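Chemist: Spelled out from the first residue to the last, the chains are:
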Amino acid sequence: MCNCENTYIPIPMKVERILNENPDRSLRTYDLSFVNEEDKNNFKYLPGQFCEFSILGKGESPFGIASSPTEKDILKFTVNRTGSVTNDIHHLQVGDTVGIRGPMGNWYPVEKFKGGDVVIIGGGFAFTTLRSMLIYMLENRADYGKITVIYGARTPDLFIYKDELKEWDKRDDLILHLTIDRPMKGWGGLCGFVPTITKELALDPTSWVVVCGPPIMIKFTLPVLIESGFPDNKIYTSLERRMKCGIGKCGRCGIGSKYICVDGPVFSYEELKKIPEAF
Amino acid sequence: MVKIKKTELSGLINYLSEKYQVFAPVKDGKKTSFQKIKSADEIIDSIPNTNLSPKSIFFPQAEVLFKYDENGIKVPKKDEKPFAVWGMRNCDAKSVLMLNKVFGNAHQIPDNKMYNDPYWKQKYDSSLIFGLACNAPLSTCFCNWFDGGPFDEKGSDVFVIETDDHFIMNGISEKGKKFLKEYKKDDKSDIDKEKIESLKQKAESYLSEKVDISNIYDKLNKIWDEPIWEEISSKCINCGACTFVCSTCHCFDVSDEGKSGKGQRIRLWDSCMFPIFTNEASGHNPRGVSVQRVKQRVMHKYNYFMDNYNEHLCTGCGRCVLVCPVNLDIREILKKIIKV
Ligand SMILES: Cc1cc2nc3c(=O)[nH]c(=O)nc-3n(C[C@H](O)[C@H](O)[C@H](O)COP(=O)(O)OP(=O)(O)OC[C@H]3O[C@@H](n4cnc5c(N)ncnc54)[C@H](O)[C@@H]3O)c2cc1C
Ligand code: SF4
Ligand code: SF4
Ligand code: FES
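Top line first, the protein sequences correspond to chains A and B.
Using the working numbering, the first residue of the first sequence is number 5, and each one after it goes up by one.
Using the working numbering, the first residue of the second sequence is number 103, and each one after it goes up by one.
Among these hints, one or two may not hold up.
[Claimed, not checked] Here are the simulated lysine-lysine pairs, DSS-like style, with alpha carbons at most 27 angstroms apart:
id	chain 1	residue 1	chain 2	residue 2
1	B	K441	A	K278
2	A	K62	B	K183
3	A	K118	A	K62
4	B	K364	B	K179
5	B	K180	A	K62
6	B	K441	A	K44
7	B	K203	B	K225
8	A	K277	B	K324
9	B	K176	A	K18
10	B	K140	B	K203
11	B	K324	A	K278
12	A	K223	B	K324
13	B	K176	A	K48
14	A	K116	A	K277
15	A	K62	B	K437
16	B	K280	B	K223
17	B	K169	A	K44
18	A	K278	B	K105
19	A	K277	B	K140
20	A	K278	B	K364
21	B	K364	A	K62
22	A	K18	B	K169
23	B	K364	B	K304
24	B	K361	A	K62
25	B	K105	A	K18
26	B	K179	A	K278
27	B	K223	B	K105
28	B	K321	A	K48
29	A	K62	B	K176
30	A	K116	A	K62
31	A	K18	B	K364
32	B	K183	A	K278
Treat the hints as calculated values from the structure; they're not laboratory data.
Quantities reported herein were computed from a predicted structural model and do not represent experimental measurements.
If we strip away everything but chain A, and leave its shape as in the complex, we get (with noise of 0.2 angstroms):
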């Protein structure tokens, strides 16, 4: 960060590129560089933060940044068109200016991780900040264990990042299991929800494990884990909720006594068994 004076100005960024994730055109990725030199070096982030996207006349947004740390100079986020924001953000073109504020909240914790296995659960476009913690520990790759990924979408067009799920499942230092819901011709990967899958897979319950998906499957697989043995400690998740400030004064975000924009969005499970609003 910052605008350290005063939080609520958005730093410029520059539209590079868009990528078009799925046939329906739904899903886009926008690369953005940034416009001043200085804000570059300010923002320093980790996987699992996000920023509130800002299209003057229009409002805020916040998406978590699909990026690593480790890939500079650019800031990704992949927004699904949903409502008056994200319907002007999938307008934009390249070379256009809009704003960022952030990064905001907390992250994965990574360091922590260093040195255990790792699995990463996600469904649908909730990928964002998986891809970013995945690049950054394939980035750090001797840093860590056994790195397993298990990733489901309604159907293949709906999975994120698709040229680089072909690049990952090549590799022989990650193991990639994708998924999808029901059987479909063409598909050759496995077939369920992600909680089935999970079960099935019989993961090392001595790994740390992260779940970052719509509320209902991560309302499943937490007790597959749970029953599989993952200590509540190490699970995270991440989680959402209306946002304005992104800095814990609106109110909007709260659950329990927490903010999910500074105490979050990064929870443990240990942590989210004591706010009884979080599920």
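Start from chain A and add chain B with the ligands according to the hints.
Modeler: Coordinates of chain B with the ligands only, in the frame set by chain A:
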């Protein structure tokens, strides 16, 4: 202590106005609220308490965060003069201290400037608050439940006691002491201690008996799933009036006005009482039903804030009690909860 005749107030306001923008309780249409004043003539008695709380001085109902046009983003100019507030009652002075915990800092990362609210700090940090002892609390007041009282000095820079013909002023903070010293020579000889004590006792006698709510935090931890919440919230029509008048509610919305070429980003008071507050783009709403929202208001004030800042986010000012169209009384809610 400094004692001035009530007729000298006008001089004090003029003196203050040289260095400060002065705010005081005024008649504002049909309502009373704190507004910027030019002369002491505009000031009304702030007891009974103003309809709208003085939080608006430091945290306006609508505030421009920045303006934008083709040349970029511009933050509104800083107010050139700091703020002085005359006649903020004890409970309200305390509420500003609570809000400063939220806006002036954050419990999470106290040293990180990123978590300051610059708009709040710019107004609050340089301000001078004249707290006013409350000589005649209303039947809706319950500051005594929160270790407050009509003569509580917390949050005031200068604490003012109003007698029949005089204002007796006492410097509380360093800022307040310094101001008084410059303003007028200290004169203790002339202060009638007994008179002050009797005013204080009289004021306290207006308050109904203190209810011990020391177990409310623990109780709230235990009753999340209890049916009592249905009972408590059944009357509420979720109008949000309680949170609007509340001196300690700080939730806000951020929204853009204007077209993409030119306009402004503003923040506006918002309320956890409204379903849209938490409604997400997917249609999912974590607090979709009224009972969850009433629970949120009670939990935030008497449990969550305690977790983060070790006190209740309520001063017992009673505004929410006065304003509620269906007579939902927060005191009755608290009494029910401590008895569960
Ligand atoms: C920490 C975090 C990370 C996120 N990461 C991503 C991501 O990587 N990719 C992605 O596509 N989406 C992500 N989201 C969800 C995304 O923020 C919302 O889909 C988006 O705000 C919807 O805005 P809208 O204006 O298009 O929708 P509208 O329905 O028009 O919403 C209006 C306003 O509601 C708020 N809002 C609505 N839904 C949500 C929601 N689910 N979460 C937060 N705010 C909401 C926003 O403040 C928005 O400005 C994330 C949300 C959070 C909290
Ligand atoms: S909750 Fe009611 S009594 Fe308490 S500070 Fe707010 S308005 Fe005053
Ligand atoms: S003023 Fe009364 S009815 Fe309106 S939201 Fe508050 S408690 Fe509910
Ligand atoms: S977004 Fe404002 S408190 Fe979290």
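Chemist: Give a verdict on every hint.
Modeler: Here is how each hint holds up against the structure:
{"no.": "1", "hint": "B:K441 to A:K278", "result": "holds, 24 angstroms"}
{"no.": "2", "hint": "A:K62 to B:K183", "result": "violated, 33 angstroms"}
{"no.": "3", "hint": "A:K118 to A:K62", "result": "violated, 41 angstroms"}
{"no.": "4", "hint": "B:K364 to B:K179", "result": "holds, 18 angstroms"}
{"no.": "5", "hint": "B:K180 to A:K62", "result": "holds, 26 angstroms"}
{"no.": "6", "hint": "B:K441 to A:K44", "result": "violated, 56 angstroms"}
{"no.": "7", "hint": "B:K203 to B:K225", "result": "holds, 14 angstroms"}
{"no.": "8", "hint": "A:K277 to B:K324", "result": "holds, 14 angstroms"}
{"no.": "9", "hint": "B:K176 to A:K18", "result": "holds, 19 angstroms"}
{"no.": "10", "hint": "B:K140 to B:K203", "result": "violated, 30 angstroms"}
{"no.": "11", "hint": "B:K324 to A:K278", "result": "holds, 12 angstroms"}
{"no.": "12", "hint": "A:K223 to B:K324", "result": "holds, 23 angstroms"}
{"no.": "13", "hint": "B:K176 to A:K48", "result": "holds, 25 angstroms"}
{"no.": "14", "hint": "A:K116 to A:K277", "result": "holds, 21 angstroms"}
{"no.": "15", "hint": "A:K62 to B:K437", "result": "violated, 45 angstroms"}
{"no.": "16", "hint": "B:K280 to B:K223", "result": "holds, 21 angstroms"}
{"no.": "17", "hint": "B:K169 to A:K44", "result": "holds, 24 angstroms"}
{"no.": "18", "hint": "A:K278 to B:K105", "result": "violated, 54 angstroms"}
{"no.": "19", "hint": "A:K277 to B:K140", "result": "violated, 55 angstroms"}
{"no.": "20", "hint": "A:K278 to B:K364", "result": "violated, 46 angstroms"}
{"no.": "21", "hint": "B:K364 to A:K62", "result": "holds, 11 angstroms"}
{"no.": "22", "hint": "A:K18 to B:K169", "result": "holds, 20 angstroms"}
{"no.": "23", "hint": "B:K364 to B:K304", "result": "violated, 57 angstroms"}
{"no.": "24", "hint": "B:K361 to A:K62", "result": "holds, 8 angstroms"}
{"no.": "25", "hint": "B:K105 to A:K18", "result": "violated, 62 angstroms"}
{"no.": "26", "hint": "B:K179 to A:K278", "result": "violated, 44 angstroms"}
{"no.": "27", "hint": "B:K223 to B:K105", "result": "violated, 31 angstroms"}
{"no.": "28", "hint": "B:K321 to A:K48", "result": "violated, 42 angstroms"}
{"no.": "29", "hint": "A:K62 to B:K176", "result": "holds, 17 angstroms"}
{"no.": "30", "hint": "A:K116 to A:K62", "result": "violated, 39 angstroms"}
{"no.": "31", "hint": "A:K18 to B:K364", "result": "holds, 19 angstroms"}
{"no.": "32", "hint": "B:K183 to A:K278", "result": "violated, 46 angstroms"}
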